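As you go down the protein sequences, you meet chains A and B in turn.
Residue numbering for the first sequence is 1 to 160, as defined by this note's numbering.
Residue numbering for the second sequence is 161 to 732, as defined by this note's numbering.
The hints are simulated quantities; they were obtained by calculation from the structure and are not laboratory data.
Don't take each hint at face value.
The following label-pair restraints were derived from C-beta to C-beta distances [to be verified]:
1) B:463 x A:83: 43 to 51 Å
2) B:267 x A:55: 36 to 44 Å
3) A:83 x B:282: 28 to 36 Å
4) A:13 x B:363: 33 to 41 Å
5) B:201 x A:84: 51 to 59 Å
6) B:360 x A:55: 45 to 53 Å
These numbers come from a predicted model, not from an experiment.
Every residue gets a Cβ at the ideal spot worked out from N, C-alpha and C, and that includes glycine.
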Amino acid sequence: MRHTIGVLVENQPGVLSRVAGLFSGRGFNIESLTVAETNEPGLSRITLVTMGDQHILEQIIKQLNKLINVIKVYDFRDTEFVEREMALIKVRAEQHTRAEVLRIVDIFRAKVVDVSPHFYTIEVTGDDGKIQAILELLGQIGVVEVARTGKAALARAKKH
Amino acid sequence: MKLTGAQIFFECLKKEGVEIIFGFPGGAILDIYHEMRNHPIRHILVRHEQGAAHMADGYARATGKVGVCLVTSGPGATNTVTGIATAYMDSVPMVVFTGQVPTPLIGNDAFQEVDIVGITRPCTKHNYLVKDVKDLARVIREAFYLARTGRPGPVLVDLPKDVIQSSTEFRYPKAVHLRGYRPTVDPHQGQILRAWELLKTAKRPVFYAGGGVIISSAHKELLRLAERLRAPVTTTLMGLGGFPAVIKNDKGQRVLHPLWLGMLGMHGTFRANMAVQNCDVLFAIGARFDDRVTGKISGFAPKAKIIHIDVDPTSISKNVVVDIPIVGDCKKALQQLNELAGKEPIANVDEIRTPWLEQIRQWRETYPLAYKQEKEGIKPQFVVEKIFELAAEDAIITTEVGQNQMWTAQYFHFTKPRTLLTSGGLGTMGYGLPAAIGAQAAFPDRLVIDVAGDGSIQMNIQEMITAVCHELPVKVAILNNRFLGMVRQWQELFYSKNYCATCLDASPDFVKLADAYGAVGLRATKPEEVEPVLREAFSTKRPVMIDFWVNPEEGVYPMVPAGKNISEMLLV
């Protein structure tokens, strides 16, 4: 099973290495990992996606909590959460395919952020399914390069 | 007034009550060594930095205080890694100070530079690189706090040379503020009640205690609860001494405690392993279900509901899924269970427990721990039993790793906590001698004995001179079988007696070696020489190394082959 975990950490040298080392040292895999500062000075948020059964996930969360620089671990298994990923996709865009590329960009509410005589670079944001879908469609035209950020996630705010 | 980093270092150690540092100097740490003359702290100069780490570890295990070692950068720092990993696996409170090249040179492959913080990240509880002298006092305060609280462990502080040369105002923080560190010490009341309900109704309970009982000083509470519930007790290797294996009877003779099962696991007693496999409630206290204890996990304690107390939540349900987890300090949890047991004692507990204790008695009589000492040739078990017979109750025993360690666990009947110092988790050969020196430095008047093998003693034998120089009268009992015995035993049983690379037919003359170091060297080659040699060793005030020529092919039994259920023991 694939799981998304949020980790609020102190923004200090070596913290990311501690988190990543915890995974590699125990044979757990990280599928994607994002990290950046939060609104609170001195704190960063790591969002990571990992695979494993319930038992492995329990261990991962406990081990993360054990790290001294980890302030809080958000286990998104039982909560509603929002997750997004951004991808930059460089796609071949010749005279006869440009209109099709733009149609796809429009359908996915993506953006063309760079244009050259033979290529468009597209920025797209969404969940995993959306990114996969646009990659598949553009792939039929000719994807040259892709850079994905990995997921960022937050628990949904309570409605009441 | 401004103080240099080196001065701040000693002021901090004074605040933490540090009495002894085990260390070895070098270029990067010289400013601290230069400053040392101005402070009344005892420094024990080792001969190898691994020795310093194990000595700090031995000191910590014997006293319960934080052990401290101080080494230089690069190779000095990397030489401590085995000692740090040893302490980490066995939850030993330790602070390791390493020198580092000046901050502008960090990352430039400078002379004697190594990323020790990176190297030790997986084997320390936490570690620090101090980049500004203003952070030094806070970091040292945090390091000691982290080392000794929650689940204890080693903490490393890396000190760049320019940081310890710089100056700042010295302020020692009164309190530690670490947002991400809040160990759960107080057990959850609801879980304690659930545990009590289960313990109350158990027909065949077994208490399984680990090193946590010793770390949290919960031995009295454990004994009290076990006696109240008439529950038999087994311990892990790390838990030995947490429950009195022997008590004195009416005639003043030492006899096995009626509830004592002996150690369990791969080299555990028949009765301990059988009791665990047949119990209906297994009460694990400060133990982590190590694979040397459980054998095949899926077949471990198959009939039992399991209660598990541990201060470290990651230890709970890591290997064996438990029914009632209790996160918290063992002592507090056992105190609360004792209170409940006092309020509502189990009626007719003796009667209820009779069939179970009778079954255990039968197991003990069917397959007791035993060996036969013939007229010729010394059995290693005989040496350990003689040491037990002759040593004072508060003697501290350290071991190396291998057969010597297991025979000590089986045949030395520990009655007090912090009297067995052994590398349980990592299994570090070379641990015993420096650990004994560390313990002896803490308790100069107690008898400290390292039970060693001829293979493992040679891993840190250079520390004999440290013992001699510092007048630390440790005794080293080498069970010399001319083999790397435990590996040889595995080769005998599982590798068709192919004794590849385990025969040590070219060892030094240990008596001459002891003499060369300025220690006393003794030898016993016949059974009748064992006792006189031990008496002589124990009565001298100098370090002694005794070379016992024991039967080369003696094995450690019982033994559970790796991957088998713990009831599937080889008994011969």
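Results of checking the hints against the structure:
1. Between residue 463 of chain B and residue 83 of chain A the CB atoms are about 44 Å apart, so this pair conforms to the stated range of 43 to 51 Å.
2. Between residue 267 of chain B and residue 55 of chain A the beta carbons are some 39 Å apart, a value that agrees with the proposed interval 36 to 44 Å.
3. Remark: the range hint 28 to 36 Å for residue 83 of chain A to residue 282 of chain B is upheld by a beta-carbon distance near 30 Å.
4. Hint check: residue 13 of chain A to residue 363 of chain B, Cβ distance near 56 Å, so the stated range 33 to 41 Å is violated.
5. For the pair residue 201 of chain B and residue 84 of chain A, the supplied restraint of 51 to 59 Å holds, since their beta-carbon distance comes to about 56 Å.
6. Between residue 360 of chain B and residue 55 of chain A, the C-beta spacing of about 30 Å breaks the proposed range 45 to 53 Å.
The earlier numbered hints that this structure contradicts are 4 and 6.
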